[in-house]
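Engineer: Listed below are the residues making up each chain.
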Amino acid sequence: MSGMTTANQSGVATFFGRMGRYAMRGVEQLGDGTRLGFQALSLLFAKPWQGKHFIIQLYALGVGSLAIIVITGAFTGMVLALQGYYTLAKFGSESLLGAGVGMSIIRELGPVLGAFMIIGRAGSSITAEIGIMRVTEQTDALEMMAVNPMQRIILPRIIATTIAVPLLVSIFDVVGIASGYIVGVELLGVNPGAYMAELIAKLEMIDLNGGWVKAVIFGFMIGMICTYMGYRAEPTTEGVARATTQAVVIASVGVLIMDYILTSFFL
Amino acid sequence: MIRGENLSKRYNNVDALAPTDIHIRAGATTAIMGGSGSGKTTLLRLLSGLVKPTTGHVWYGDEDICTIPPKRLYELRESMGMLFQYSALLNSLNVYDNVAFPLHEHTDLDESVVRTMVSMKLEQVGLRGFEELMPSELSGGMAKRVAFARAIAMDPKIVFFDEPTSGLDPISAGVISTLIKDTSKMNRMTSIVVTHDVEAGLSIADHVILMWQGSIIAEGTPEVIRESSDERVRQFLEGRPDGPIPFSRSTTSYIDDLTHRPGTVRLEK
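Just so you know, the protein sequences line up as chains E and W, in that order.
For the first sequence, the working numbering assigns the number 14 to the initial residue and increments by one for each residue that follows.
For the second sequence, the working numbering assigns the number 6 to the initial residue and increments by one for each residue that follows.
Part of the chain E face toward chain W, derived, beta carbon under 8 angstroms:
#1 Glu150
#2 Gln151
#3 Asp153
#4 Ala154
#5 Glu156
#6 Met157
#7 Asn161
Keep in mind that the hints were calculated from the coordinates and are not lab data.
We put the beta carbon where it would ideally sit given N, CA and C, even for glycine.
Input sequences plus hints: build the corresponding full structure.
Structural biologist: Here's what the structure looks like:
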């Protein structure tokens with residue numbers, strides 16, 4: 014009996030020990046990542062300017078993610094219109110469909126789903142690309158050619174995600190509201206004037222600003238997390254694969270946590 | 006002159022390099038040789054400033070590259086080149102852009118001048134006409150030669166070579182060795198070559214350093230090394246499996262493991 018108690022105690026100790034180690038590692042990574050990100054950002058105005066590389070990254074990230082953003086935005090708006098109509102019809106308030114779809118997308122679904130799509134499509138490739146550059150010593154080669162990898166690789170990607178995400182989220186919002194209009198008005202017979210009038214009447218500037226602020230912060234977070242995970246990836250093929258998976262998971266969970274914090278702030 | 010003083014490196018409680026003093030003569034070719042895991046690549050990375058030492062200093066003249074500001078280190082690196090073991094060509098750039106990379110980064114030369122300089126370097130390594138190929142389209146030997154052209158693109162004063170001939174066929178290895186020897190002499194470069202290729206190391210170097218278990222066990226001219234009576238040096242040069250340098254790194258005896266572990270083989274006389 015006492016043997017079992019000892020075994021249970023040792024199991025509990027092992028569990029808490031492991032949790033403690035995970036927590037310590039998490040805090041270490043958070044500190045290291047923040048330091049690395051701000052080290053890169055401190056080079057923002059340092060010469061040589063990285064304008065060309067920033068444009069390349071912005072193009073790859075923005076144009077490359079456009080299709081997935083448009084598709085996701087369209088179907089999100091369509092599903093929202095269907096679900097919204099079904100609920101509102103019970104209260105005889107179908108005319109509020111435009112406001113419901115618009116506010117849900119602008120305040121919440123646009124930034125969050127848009128960020129998820131960008132993490133999956135562009136964030137993972139940022140981590141994998143930087144990880145592979147580490148494995149194949151390309152970052153060391155840059156160092157030896159007197160080119161700072163922080164300034165050349167990390168910085169343009171963080172800036173590009175910070176700018177591209179709000180732009181892509183804006184497109185997501187427009188496409189979502191438009192596709193909601195098509196389903197609501199053309200398929201379900203909601204009055205087109207009511208759809209738009211309610212949307213304009215109920216939507217306030219704080220809703221728009223809230224969505225954009227979220228998108229900017231999510232973009233910055235995605236850039237910081239994905240570049241950090243790639244730069245600190247274990248220099249093996251397995252290490253890069255693991256870092257890519259972790260980057261997607263951490264960035265996605267980070268977006269949800271930050272979304273809650275920001276939402277509570279903007280409400 | 007590059008000088009390492011009390012240099013050591015420890016990774017996860019394993020000593021990759023024991024405290025070591027090293028002098029690299031300016032304008033000469035120094036070969037750092039030794040078996041796998043002897044600490045030679047660690048030493049090279051410490052000397053190039055890619056890795057910070059656990060203890061010690063690396064002096065370039067009167068500047069310690071371990072403590073100078075990053076900006077100054079990058080200035081110094083404009084007069085350095087490095088050939089990496091796996092070439093480390095930038096995947097997204099073709100051969101021309103890889104070789105032209107340091108020139109584009111650190112000079113304001115007109116593109117026509119850059120083109121001429123890249124052509125000269127590619128001619129030196131016998132790859133003129135391959136400018137448009139991407140790194141993924143090159144063989145190992147070709148990639149090494151492109152990396153060589155990139156390393157000397159700025160006519161650096163110091164070039165580090167990490168296993169320049171490993172994984173190459175004898176002809177490609179011979180070409181790379183000759184290139185290192187000729188270019189070093191022609192440009193009066195300080196070359197530091199890490200290799201386990203005995204013949205290549207002894208043929209190109211003015212000074213040879215032999216390492217084992219993270220320490221320098223012998224150094225001198227190639228002739229001095231060839232004539233050394235040190236058993237460890239002789240074993241390495243002759244490639245003998247038996248001698249003071251053990252081949253096996255197993256932590257326990259295999260026979261003991263087989264015979265003493267419960268439920269395993271019992272050897273009867």
